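Build out the structure end to end from the sequences listed, making use of the hints.
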Amino acid sequence: MSRDDLVLTPLGLRYGNHRYPCSIGRGVLTRSKREGDGATPRGIHRIVGMLYRPDRLARPADWAVPIRPGDLWSDDVTDPEYNLQVRAPHQFSHERLRRADPLYDLVLVTDWNWPRAEPGKGSAIFVHQWRRPGYPTEGCIALRRDHLATICARLVPGTRLIVP
Numbered sequence: 123m124s125r126d127d128l129v130l131t132p133l134g135l136r137y138g139n140h141r142y143p144c145s146i147g148r149g150v151l152t153r154s155k156r157e158g159d160g161a162t163p164r165g166i167h168r169i170v171g172m173l174y175r176p177d178r179l180a181r182p183a184d185w186a187v188p189i190r191p192g193d194l195w196s197d198d199v200t201d202p203e204y205n206l207q208v209r210a211p212h213q214f215s216h217e218r219l220r221r222a223d224p225l226y227d228l229v230l231v232t233d234w235n236w237p238r239a240e241p242g243k244g245s246a247i248f249v250h251q252w253r254r255p256g257y258p259t260e261g262c263i264a265l266r267r268d269h270l271a272t273i274c275a276r277l278v279p280g281t282r283l284i285v286p
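Counted the way my numbering counts, the sequence shown spans residues 123 to 286.
Some clues are possibly wrong.
Now the in silico label distances, taken between C-beta atoms and shown as ranges [what the hints assert, rightly or not]:
hint, residue 1, residue 2, range
1, N139, P211, 44 to 52 Å
2, S154, T200, 18 to 26 Å
3, D127, E240, 19 to 27 Å
Simulated from the structure, these hints should not be mistaken for laboratory data.
These figures come from a predicted structure and were not determined experimentally.
Note that CB positions come from ideal geometry on N, CA and C, so glycine has one too.
Right, dumping it as structure tokens:
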């Protein structure tokens, strides 16, 4: 592990010389992730994308991509585009990326089960803003808004997210 890695620890998410309080999945940590289990998958994951709401915040990094109206993420195991970003209208089950709440105002996308997804192994694992301290996610890692912004301003594509 290097100081340039994001590392989940019992005390929070470590990045550089800092530890940031975070929330994980309601199903805690697992080595056998399944769609809908609410667990955060253990392993070494890469950050492969950064999405942000341009109507709510400035571009956090030069490689960040704006979330547009109609941007979705497929979470349907029968969808040929399962675990990929898609556009509305989309006939399969999906999650809206442009939400009314601020959870996805800034999102780091990991390579969990991506780009060639194995159906049922679980869709996107994001690093995003939390609802409130300690409130579990559906499997993602969530941080306080300003902590997430600080991390996003410094990391680069390919940064490792280590979940031991």
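Do the hints match the structure? See the list:
no. : hint                      : verdict
1   : N139 <-> P211: 44 to 52 Å : holds, 46 Å
2   : S154 <-> T200: 18 to 26 Å : holds, 21 Å
3   : D127 <-> E240: 19 to 27 Å : holds, 25 Å
In this structure, every one of the numbered hints holds.
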